[in-house]
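Student: Sequence:
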Amino acid sequence: MNTKDYSMISIKENIGINLLINDILSKIENINNFTKYKIDKKNDLYIIQELIRESLINTTNEEVPYESAVRIISYDKQKNTDQINAEIIVTKENHKKIIIGKNGKMIKAIGIKARKNIESLLNKRINLSLFVLVKENWKNNQDLLKDFGYID
6 MNTKDYSMIS IKENIGINLL INDILSKIEN INNFTKYKID KKNDLYIIQE
56 LIRESLINTT NEEVPYESAV RIISYDKQKN TDQINAEIIV TKENHKKIII
106 GKNGKMIKAI GIKARKNIES LLNKRINLSL FVLVKENWKN NQDLLKDFGY
156 ID
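Numbering (this note's numbering), first residue to last: 6 to 157.
Derived pair list, reagent style PhoX-like, types lysine-lysine, alpha-carbon separation capped at 25 Å: (1) Lys113 <-> Lys97; (2) Lys110 <-> Lys97; (3) Lys82 <-> Lys113; (4) Lys113 <-> Lys17; (5) Lys121 <-> Lys84; (6) Lys140 <-> Lys102; (7) Lys110 <-> Lys140; (8) Lys144 <-> Lys101; (9) Lys113 <-> Lys101; (10) Lys84 <-> Lys118; (11) Lys118 <-> Lys82; (12) Lys140 <-> Lys113; (13) Lys101 <-> Lys118.
Pairwise CB distance ranges, derived in the manner of DEER restraints: (14) Asp28 <-> Lys140: 32 to 42 Å; (15) Asp28 <-> Asn146: 32 to 42 Å; (16) Asp28 <-> Glu141: 35 to 45 Å.
Calculated from the structure, these hints are not laboratory results. All C-beta atoms, glycine included, are put in the ideal place defined by N, C-alpha and C.
Please model the complete structure; the sequences and the hints are all you need to start from.
Tutor: In structure tokens:
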């Protein structure tokens with residue numbers, strides 16, 4: 006193997022992710038038998054949801070269970086700065102309290118980390134507004150599962 010095929014990455018520190026994605030995309034584009042990979046709006050929204058969820062889990066030090074989900078309420082593309090509004094859905098009221106934190110400090114930290122990751126992905130400035138909702142049985146709600154992109 007050639008050493009140029011290796012990349013140092015860190016999901017936690019957001020190091021080398023864009024380089025890796027661009028490297029993979031360039032290899033795909035060089036293969037004639039494959040259709041050029043295109044990130045569409047549905048994929049963008051799913052990736053943004055997962056970046057917010059990743060920030061949620063990492064920032065709360067996994068205090069919030071993996072049963073949390075994120076739904077994009079609106080995504081308004083603007084010339085300079087896009088506006089994204091998202092809901093974080095949890096199953097218990099005490100999880101909501103953990104996510105918001107004392108004086109909103111935890112939700113602010115989650116939002117800052119997620120915003121930076123999303124801006125890196127989109128190569129554009131964004132405003133990110135997060136709202137926390139409790140929905141006890143969201144995993145059994147087909148409409149919500151579709152909204153989250155978990156089922157078609």
